[in-house]
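Those letters in the sequence shown? Residues 9 to 529, by our numbering.
Careful: at least some of the hints might be erroneous.
So the derived label-pair ranges between C-beta atoms look like this [unchecked claim]:
| # | residue 1 | residue 2 | range |
| --- | --- | --- | --- |
| 1 | Tyr-160 | Gln-114 | 22 to 28 Å |
| 2 | Ser-87 | Glu-162 | 19 to 25 Å |
| 3 | Ser-338 | Leu-448 | 49 to 55 Å |
| 4 | Pro-409 | Ser-471 | 23 to 29 Å |
The set of hints was computed from the structure by calculation and includes no laboratory data.
As the structure is a prediction and not an experimental result, all values here were calculated from the model.
Glycine residues also receive a C-beta, built at the ideal position from the N, C-alpha and C atoms.
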Amino acid sequence: IHFFNLMFTTNMLESKSFEVELKDAEPDIIEQLVEFAYTARISVNSNNVQSLLDAANQYQIEPVKKMCVDFLKEQVDASNCLGISVLAECLDCPELKATADDFIHQHFTEVYKTDEFLQLDVKRVTHLLNQDTLTVRAEDQVYDAAVRWLKYDEPNRQPFMVDILAKVRFPLISKNFLSKTVQAEPLIQDNPECLKMVISGMRYHLLSPEDREELVEGTRPRRKKHDYRIALFGGSQPQSCRYFNPKDYSWTDIRCPFEKRRDAACVFWDNVVYILGGSQLFPIKRMDCYNVVKDSWYSKLGPPTPRDSLAACAAEGKIYTSGGSEVGNSALYLFECYDTRTESWHTKPSMLTQRCSHGMVEANGLIYVCGGSLGNNVSGRVLNSCEVYDPATETWTELCPMIEARKNHGLVFVKDKIFAVGGQNGLGGLDNVEYYDIKLNEWKMVSPMPWKGVTVKCAAVGSVVYVLAGFQGVGRLGHILEYNTETDKWVANSKVRAFPVTSCLICVVDTCGANEETLET
């Protein structure tokens, strides 16, 4: 051990001593370190790791220090991350501190509800609440954290109230939360400086979007917290509407009151799933809406032209619907837009090609339409043509066609690539998969699915495409399939059953906040 080697082999006082006192040392810890010096073995556990790390740091025993740091990095959770961060700072362990701080920022909504957070000193709380990298559903949660800390020891923390609440970005707090919760808080009502902060937040909501952009101070957004699930809707029974959680491969039922729709489309925007089109004997004119945070259903006026076999996607607060057919007739050129802010429908320039049973995705602000057929009847030719719509110029542009003509396929966007998955051509089901390279304007084949799907219902979370439902022609998909777009490999997950309804609707939703107690209550 380098520390003791220097102590006993140089001209230090200890080199001439028969007995050396190690002040503040724990005998059993020193014994373990001496044993390590001769055997290179040591047992690190939750009972001794802090003492071992302290001693290894003091006596410069780097291998033991690294083992302790690696052990603690694995133990970081919401209940101890703040303490580990402080420990790492005191013992000069930058790698451990970075791990703990990253966890604190990514899981702030759990961390601020712990005892460790409430017991932090004012300097650390102020520093933490000032971080842009705090991952929260909304700024409301940063405000809640600040108030919780202040109220934990209100008499002694009263002098710090202005400094703490100054780190809350009041303009980013929702208007409803400001007026109902923040304004009614006694801590704020009794403090003129804090009231000014609330008023600044209120004024921000009265400004036009252009004027808001000029305000930089206090309006930098935090890192948005996400909890992505894949929602599937189909059939009339409650169990035929479910969430799939890609983190643990679990299925959860969604309360689902609407009647069955055949060949409809769905899209997610700003906490709401919009279910459009489809038919049940006759075309359905109504648009059903599901708020995933409030777990509530309501209805709006649907597309001006009721139809089935349409496609839909969302971009910048607008819901776009394309093509489809009016109860078995030939496909439509139609392209319509619903503005979620004004709740109004508008007809946009028609597509270059009529199509139904096609795919449509938003990518980098543009709308891509791929494949489909000229009609739902037997004579409806299957298409490989593709086109893109630019909302800024309201123009359509023809793109490189797919290698394989297909309809009822899955279409997903992953990192500058649009993947077309399975579906059917004029001869039957397909297992092949191809992607469109947006930068190169060309399609390339990748590894085929381990299953042929006449209809494929899939969605992407991160770099993985999940095929969760589908129909083979003689039977439905039994277990889910996963495709890793980075490794180009398919996995058939035999442990997770697929969604039981093949004619379902599918979209990725962000359920962050859906299972949390809302701060307004």
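Cross-check of the supplied hints:
In this structure the hint that Tyr-160 and Gln-114 lie 22 to 28 Å apart at CB holds, the actual value being about 23 Å. Take Ser-87 and Glu-162: their Cβ atoms lie about 24 Å apart, and the range 19 to 25 Å holds. One distance hint, 49 to 55 Å for the beta-carbon pair Ser-338 and Leu-448, is violated here, with the actual separation near 33 Å. A beta carbon spacing of about 26 Å between Pro-409 and Ser-471 agrees with the range 23 to 29 Å that was offered as a hint.
Of the numbered hints listed earlier, the single one contradicted by the structure is hint 3.
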